[in-house]
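The opening position of the sequence shown corresponds to residue 1 in full-length UniProt numbering, with each subsequent residue numbered one higher.
By construction, these hints were calculated from the structure, which means they are not laboratory data.
Among the clues, some could well be false.
What the hints assert, rightly or not - Label-pair ranges, simulated between beta-carbon atoms:
id, residue 1, residue 2, range
1, P55, W31, 29 to 35 angstroms
2, S12, R53, 31 to 37 angstroms
3, H50, K11, 31 to 37 angstroms
4, R52, D10, 30 to 36 angstroms
5, G57, D36, 30 to 36 angstroms
6, R6, G66, 30 to 36 angstroms
7, S12, P55, 34 to 40 angstroms
8, R72, S12, 21 to 27 angstroms
9, V23, R78, 27 to 33 angstroms
10, V75, V9, 23 to 29 angstroms
Claimed, not checked - The calculated lysine to any residue pairs, modelled on SDA-like cross-linking and capped at a C-alpha distance of 25 angstroms, are:
id, residue 1, residue 2
11, K4, G24
12, K4, L42
13, K11, V58
14, K11, S32
15, K8, R52
16, K11, S65
17, K8, R26
18, K8, G18
19, K4, R64
20, K8, A37
21, K8, P55
22, K4, E49
23, K4, V58
24, K4, E41
25, K4, L68
26, K69, R47
27, K11, K69
28, K11, R47
Computed from a prediction, not measured in an experiment: that's the story for all the values here.
Using N, Cα and C, we set each Cβ at its ideal position, and we do this for glycine too.
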Amino acid sequence: NQVKIRVKVDKSGRYSLGVYNVVGQRVRVLWSGNRDAGDYELVWDGRDEHNRRLPAGVYYLIYRSGSLKYTRKLVLIR
């Protein structure tokens with residue numbers, strides 16, 4: 001139960017990438033900080049910040065860079 005996430009960073013800068021539940025609570029930070037330009041691949045294993053398995057359901061992947069924000073829906077199936 002994991003998902004591979006591919007991210008393309010066009011220019012160096014500060015970025016964050018996190019997983020949020022349906023009520024907007026952050027359950028896991030995948031990235032936070034400065035990144036160089038390039039292609040990245042991350043894996044989310046369906047666990048929260050405390051390494052606990054999260055229940056099946058809908059989650060949101062939120063990618064932020066400056067004033068830009070991108071959201072993608074994830075469905076975790078157990």
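Each hint, compared with the structure:
no.	hint	in the structure
1	P55 to W31: 29 to 35 angstroms	24 angstroms, violated
2	S12 to R53: 31 to 37 angstroms	35 angstroms, holds
3	H50 to K11: 31 to 37 angstroms	33 angstroms, holds
4	R52 to D10: 30 to 36 angstroms	34 angstroms, holds
5	G57 to D36: 30 to 36 angstroms	34 angstroms, holds
6	R6 to G66: 30 to 36 angstroms	21 angstroms, violated
7	S12 to P55: 34 to 40 angstroms	37 angstroms, holds
8	R72 to S12: 21 to 27 angstroms	23 angstroms, holds
9	V23 to R78: 27 to 33 angstroms	19 angstroms, violated
10	V75 to V9: 23 to 29 angstroms	26 angstroms, holds
11	K4 to G24	22 angstroms, holds
12	K4 to L42	6 angstroms, holds
13	K11 to V58	31 angstroms, violated
14	K11 to S32	15 angstroms, holds
15	K8 to R52	28 angstroms, violated
16	K11 to S65	10 angstroms, holds
17	K8 to R26	22 angstroms, holds
18	K8 to G18	16 angstroms, holds
19	K4 to R64	18 angstroms, holds
20	K8 to A37	8 angstroms, holds
21	K8 to P55	29 angstroms, violated
22	K4 to E49	18 angstroms, holds
23	K4 to V58	16 angstroms, holds
24	K4 to E41	7 angstroms, holds
25	K4 to L68	22 angstroms, holds
26	K69 to R47	23 angstroms, holds
27	K11 to K69	16 angstroms, holds
28	K11 to R47	29 angstroms, violated
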